[in-house]
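Participant: Okay, here's what each chain looks like letter by letter:
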Amino acid sequence: MSGDLLFFIEISLAGLGSGALLALTALAFVLIYKATRVVNLAVSEVLMLGGYLFFAFAAGLGLSAWVALPLSILGGGLLGGIVERGVIRPMLGENPISVFMVTVGLGSILVGMAELIWGAEPKSLPAFISTTPLFLGEAYVSRKIAVAFVVAGVTISVFLALFRFWRGGVALRATATDQAAAYSCGINVPGVFSVAWIVGCATAAGAGVLLGAIGGISTTMGVFGLSALVVVIVGGLDSILGALIGGLALGLIQSWASTYLGGEYTSVVTFGLLIVAMMIRPYGLFGTHEIERL
Amino acid sequence: MTAETILEIENIELTYKGSIQALRGLSLKVPKGQIVALLGSNGAGKSSTLKAVSNLLSLENGELTAGRIRFNGKDTAGLSPHALVRSGLFHVMEGRRIFEDLTVEENLVAATYALTGRGGAPADFEQVYDYFPRLKERRHNRAGYLSGGEQQMLAIGRALVARPSLILLDEPSLGLSPLLVEEIFTIIAHINRETGVSMLLVEQNAAVALAISQFGYIMENGRIQLDGPTERLMADDDVREFYLGQSGGAENRSFRDIKHYKRRKRWLS
Ligand SMILES: Nc1ncnc2c1ncn2[C@@H]1O[C@H](COP(=O)(O)OP(=O)(O)OP(=O)(O)O)[C@@H](O)[C@H]1O
Ligand SMILES: [Mg+2]
Chain A
1 MSGDLLFFIE ISLAGLGSGA LLALTALAFV LIYKATRVVN LAVSEVLMLG GYLFFAFAAG
61 LGLSAWVALP LSILGGGLLG GIVERGVIRP MLGENPISVF MVTVGLGSIL VGMAELIWGA
121 EPKSLPAFIS TTPLFLGEAY VSRKIAVAFV VAGVTISVFL ALFRFWRGGV ALRATATDQA
181 AAYSCGINVP GVFSVAWIVG CATAAGAGVL LGAIGGISTT MGVFGLSALV VVIVGGLDSI
241 LGALIGGLAL GLIQSWASTY LGGEYTSVVT FGLLIVAMMI RPYGLFGTHE IERL
Chain B
1 MTAETILEIE NIELTYKGSI QALRGLSLKV PKGQIVALLG SNGAGKSSTL KAVSNLLSLE
61 NGELTAGRIR FNGKDTAGLS PHALVRSGLF HVMEGRRIFE DLTVEENLVA ATYALTGRGG
121 APADFEQVYD YFPRLKERRH NRAGYLSGGE QQMLAIGRAL VARPSLILLD EPSLGLSPLL
181 VEEIFTIIAH INRETGVSML LVEQNAAVAL AISQFGYIME NGRIQLDGPT ERLMADDDVR
241 EFYLGQSGGA ENRSFRDIKH YKRRKRWLS
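Protein sequences, first through last, are from chains A and B. Residue numbers for the first sequence follow UniProt numbering, beginning at 1 and rising by one. Residue numbers for the second sequence follow UniProt numbering, beginning at 1 and rising by one.
Where hints are given, some of them may not hold.
Restricting the straight-line Cα-Cα distance to at most 20 Å, the calculated cross-link-like pairs of lysine to any residue (SDA-like) are [said to hold, decoys possible]:
hint	chain 1	residue 1	chain 2	residue 2
1	B	K17	A	E94
2	B	K17	B	N61
3	B	K17	A	A180
4	B	K32	B	S87
5	B	K17	A	P96
6	B	K29	B	D75
7	B	K17	A	S218
8	B	K17	A	L61
9	B	K32	B	R68
10	A	K144	A	F163
11	B	K17	A	G93
12	B	K32	B	N61
13	A	K144	A	V154
14	B	K29	B	T186
15	B	K32	B	H190
16	A	K123	A	A180
17	A	K123	A	K144
18	A	K123	A	S218
19	B	K17	A	L92
20	B	K29	B	L226
21	B	K29	B	T5
22	B	K17	A	N95
Quick partial rundown of chain B residues pointing at chain A, CB under 10 Å, derived from the structure [what the hints assert, rightly or not]:
hint	residue
23	L59
24	R96
25	A155
Hint data in this document are derived by calculation from the structure and do not stem from the laboratory. Since this is a predicted model, take the numbers as computed values, not measurements. Glycine residues also receive a C-beta, built at the ideal position from the N, C-alpha and C atoms.
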């Protein structure tokens, strides 16, 4: 195999790894949007908080990574539940822009709190994934990225299956399509809202731990969520499949762009893609739009 | 001897967004096991009445400012809509409101939430498919691709899955061909007879509604104007003329239209 091709494969694998994390974060946006029609910008900061919680549990309290990880995910879920009940639920039915702005404000508060508690300087997480490299054939992959890829991939597949085959998935999709009709079928609609926020924020926190394990944590790591937001806007705000495919695609594209064009091109390419995609399909590549009757 | 009452609405007043009054002291009753028709023209307040009963009003910024509603003897005020459904009151909303992105069967699965906390037998989709064989053929299709009539069947099918004791049916004839209306109303009557479920049936198509109901209410402007057993309503001259589109003799059509208009105005005033 030629060196160039091998190199291309290696950076593509790395891109797929970060793409899987993008997809996982995008999934958090999708879950929450689907149920409550709220674009929760604070997903980015919940992701950051997940990283810091892991830091606090593992480095601060000295807990084993396998205890700290579920605790961090739980912490994210708890935060999501509290925010939904305390702030979002009373605002349902208000102007979507107001609700969106509330999530923006919430994100800033989380960043401020993290800075107050842990300081602004970046930290690295206690290692819990081995650093011995992995080889796929001849191609080198960082083990951390491979683990992130597998975990994110499995999580998303589980979600896809639940959505399709579990009764709760039907309830969520029904609520997403028509709230009044969902109520009329006996579905506990506010309960669906809560579950979506809890699971969405837990997912974001989990993604934060994986991301932190790869690149360390900082109070600005929430910008990663912005890329994930691009994924959901391009893939369709209400489409899990869109989040998966869009996340992997953007991960690949970002990896290629930063390697072959230079790191400064990453966001140019990312947001250029956003604009082009919006011009072609305003509701997202996989998002639902009105079905045309045959 | 009077039959037991499953639904009792007493003097309700309803306002939307704190200012638009849609119901002004409306009262009606549904006896157990019967079909009661609620008729009236556009904007009379029929759908508002049903939404008041199923507590779906709050989703549209509507509020009951007076009166009360009792289902099975219990006041429904303050009950969440899903709790009410789970206690046996199913609202088939105007415009069918099926979940278009879900398959036919998933729509029925969604309705199984109505059985939550009731114990009893598991949901019976076969019963739905027995009444509506066409839904069975299309069970794995996306519901959004069904024809209007099939969507109405699915909306009623969801109610069947919920095994309610009272169904509120809002204009099942909406947008359907006369033949299909006939078919669906025949099935509605069968469901009532065979399962014993009570129904409050809202319709603009008075002829078909009265044909399958035992009692009828006619409303205008948020109030009941006239009520009575179906035979009496069908014999009433005004009802025959305005709601059943029949008139006494072989008058000249244009004269009839004018008279119709005048009498209609009187009715509405
Ligand atoms: N969500 C709402 N907000 C404000 N006003 C409403 C709302 N829904 C209904 N109304 C008003 O309440 C009145 C009664 O409406 P309703 O839908 O109950 O009539 P209806 O008898 O069902 O008519 P139709 O036969 O056309 O369905 C109308 O004047 C309508 O404009
Ligand atoms: Mg109506």
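Participant: None of the hints should be skipped; say for each whether it holds.
Facilitator: Status of the hints after comparison with the structure:
1. Using a Cα cut-off of 20 Å, the hinted pair K17(B) and E94(A) holds, with the two alpha carbons roughly 13 Å apart.
2. For the given pair, K17(B) sits about 5 Å from N61(B) by alpha-carbon distance, which is consistent with the 20 Å threshold.
3. The hinted pair formed by K17(B) and A180(A) meets the criterion: a straight-line CA distance of about 18 Å does not exceed 20 Å.
4. Among the hinted pairs, K32(B) with S87(B) is consistent with the structure: their alpha-carbon atoms are about 15 Å apart, no more than 20 Å.
5. For the proposed pair K17(B) and P96(A), the alpha carbon gap of about 19 Å is at most 20 Å, so the pair holds.
6. Under the criterion of a C-alpha separation no larger than 20 Å, the hint pairing K29(B) with D75(B) is consistent with the structure, at around 14 Å.
7. Restraint check for K17(B) and S218(A): not satisfied, since their Cα atoms lie roughly 47 Å apart, outside the 20 Å limit.
8. With a C-alpha separation of about 53 Å, the suggested pair K17(B) and L61(A) falls outside the 20 Å cut-off, and the hint is violated.
9. In summary, the hint linking K32(B) to R68(B) is supported, as the alpha carbons are separated by about 19 Å, within the 20 Å threshold.
10. Simply put, K144(A) and F163(A) have alpha-carbon atoms about 28 Å apart, too far for the 20 Å limit, and the pair is violated.
11. A C-alpha spacing of about 13 Å is found between K17(B) and G93(A), which places the hinted pair at or below 20 Å, so the restraint holds.
12. A C-alpha spacing of about 31 Å is found between K32(B) and N61(B), which places the hinted pair above 20 Å, so the restraint is violated.
13. Of the pairs offered as hints, the one joining K144(A) and V154(A) holds, with about 15 Å between alpha carbons and a cut-off of 20 Å not exceeded.
14. Restraint check: the Cα-Cα separation between K29(B) and T186(B) comes to about 23 Å, which exceeds 20 Å; the hinted pair is violated.
15. Between K32(B) and H190(B) the CA atoms are separated by roughly 16 Å; this keeps the pair inside 20 Å, and the hint holds.
16. Between K123(A) and A180(A), the direct Cα distance comes to roughly 47 Å. Violation of the 20 Å bound is thereby established for this hinted pair.
17. Among the hinted pairs, K123(A) with K144(A) is consistent with the structure: their alpha-carbon atoms are about 17 Å apart, no more than 20 Å.
18. Annotation: proposed proximity of K123(A) to S218(A) holds, straight-line Cα distance about 6 Å (limit 20 Å).
19. A C-alpha spacing of about 15 Å is found between K17(B) and L92(A), which places the hinted pair at or below 20 Å, so the restraint holds.
20. A C-alpha spacing of about 13 Å is found between K29(B) and L226(B), which places the hinted pair at or below 20 Å, so the restraint holds.
21. This hinted pair checks out: K29(B) and T5(B) have alpha carbons roughly 7 Å apart, not beyond 20 Å.
22. Of the pairs offered as hints, the one joining K17(B) and N95(A) holds, with about 15 Å between alpha carbons and a cut-off of 20 Å not exceeded.
23. The beta carbon of L59(B) is positioned within 10 Å of a beta carbon in chain A (closest approach about 5 Å), and the interface hint is therefore held.
24. Residue-level restraint check for R96(B) holds (minimum Cβ-Cβ distance to chain A is 9 Å; threshold 10 Å).
25. About 9 Å separates the beta-carbon of A155(B) from the nearest beta-carbon of chain A, less than 10 Å, and the hint is met.
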